[in-house]
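**Student:** With the sequences and hints as input, model every part of the structure.
Quick note: the sequence shown, position 43, residue 229 per this note's numbering, numbers continuous.
FYI, nobody ran anything at the bench for these hints, they're computed from the structure.
This structure is a prediction, so every number in the text was calculated from the model and none was measured.
C-beta atoms are modelled at their ideal positions from N, C-alpha and C, and glycine is treated no differently.
Please note that a few of the clues may not be correct.
Now the in silico label distances, taken between C-beta atoms and shown as ranges [unchecked claim]: (1) Tyr191 <-> Ala236: 31 to 41 Å; (2) Gly249 <-> Tyr190: 19 to 29 Å; (3) Leu246 <-> Ala287: 11 to 21 Å; (4) Leu288 <-> Tyr190: 33 to 43 Å; (5) Arg294 <-> Tyr190: 35 to 45 Å; (6) Gln283 <-> Asp223: 25 to 35 Å; (7) Val279 <-> Tyr191: 24 to 34 Å; (8) Leu230 <-> Glu209: 23 to 33 Å; (9) Arg294 <-> Thr196: 21 to 31 Å; (10) Arg290 <-> Glu199: 33 to 43 Å; (11) Glu229 <-> Gly291: 19 to 29 Å.
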Amino acid sequence: MDDYYAKKSTIDEIRARFDADVERFSNLATGQISTVDAPLAMELISCAAAVSTNPISNILDIGCGAGNNTIKLLEYAPNVNCDLLDLSENMLVRAKQRVGALARGNVRIFLRGFSKRKT
Numbered sequence: 187m188d189d190y191y192a193k194k195s196t197i198d199e200i201r202a203r204f205d206a207d208v209e210r211f212s213n214l215a216t217g218q219i220s221t222v223d224a225p226l227a228m229e230l231i232s233c234a235a236a237v238s239t240n241p242i243s244n245i246l247d248i249g250c251g252a253g254n255n256t257i258k259l260l261e262y263a264p265n266v267n268c269d270l271l272d273l274s275e276n277m278l279v280r281a282k283q284r285v286g287a288l289a290r291g292n293v294r295i296f297l298r299g300f301s302k303r304k305t
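**Tutor:** Rendered as structure tokens:
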């Protein structure tokens, strides 16, 4: 079991990759190139959230990246407060800019730090 985790990327490696790739993830259409139907999935999830949770007053986007999911949900519910959490500070800065330009409520960001895994 320990061997399995030894081959995985560390949190610091993941953070570095996301810190360096903000521009790509800031594009709603192409930000998730490994998931071909990501724009459709975001649309369906946002629509379902808006219909099933009416009215929406707060959004918590854990692992927000550049804010794409929140931006899509804001099309259905612009009058909300948004809390954005990510492990990449560069992504959070971009997400706050992008979401802040659209949201009519408050936008707060939270940087999530992780400690190294104990073995």
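**Student:** Given the range 33 to 43 Å, decide if the beta-carbon distance of Leu288 to Tyr190 lies inside it.
**Tutor:** 41 Å, holds
**Student:** Determine whether the Cβ-Cβ distance between Arg294 and Tyr190 falls within the hinted range of 35 to 45 Å.
**Tutor:** 36 Å, holds
**Student:** Could you see if the CB distance from Arg294 to Thr196 stays within 21 to 31 Å?
**Tutor:** 27 Å, holds
**Student:** Is the distance from the Cβ of Arg290 to the Cβ of Glu199 consistent with 33 to 43 Å?
**Tutor:** 37 Å, holds
**Student:** Does the Cβ pair Leu230, Glu209 satisfy 23 to 33 Å?
**Tutor:** Holds, at about 26 Å.
**Student:** Does the hinted range 24 to 34 Å hold for Val279 and Tyr191 at CB?
**Tutor:** 30 Å, holds
**Student:** The hint says 25 to 35 Å between Gln283 and Asp223; measuring C-beta to C-beta, is that right?
**Tutor:** 27 Å, holds
**Student:** Can you tell me whether the CB distance of Tyr191 to Ala236 sits inside 31 to 41 Å?
**Tutor:** Roughly 38 Å apart at Cβ, these two residues keep to the hinted range, so it holds.
**Student:** State, for the Cβ atoms of Glu229 and Gly291, whether the hinted interval 19 to 29 Å holds or is violated.
**Tutor:** With a Cβ separation near 22 Å, Glu229 and Gly291 satisfy 19 to 29 Å, so the hint holds.
**Student:** Taking the beta carbons of Leu246 and Ala287, is their distance inside 11 to 21 Å?
**Tutor:** Taking Cβ atoms as reference, Leu246 and Ala287 lie about 19 Å apart, which means the hint holds.
**Student:** Is 19 to 29 Å a correct range for the gap between the Cβ atoms of Gly249 and Tyr190?
**Tutor:** The hinted range 19 to 29 Å holds for Gly249 and Tyr190, with Cβ atoms some 22 Å apart.
Violation of the numbered hints given earlier is absent; every hint is satisfied by the structure.
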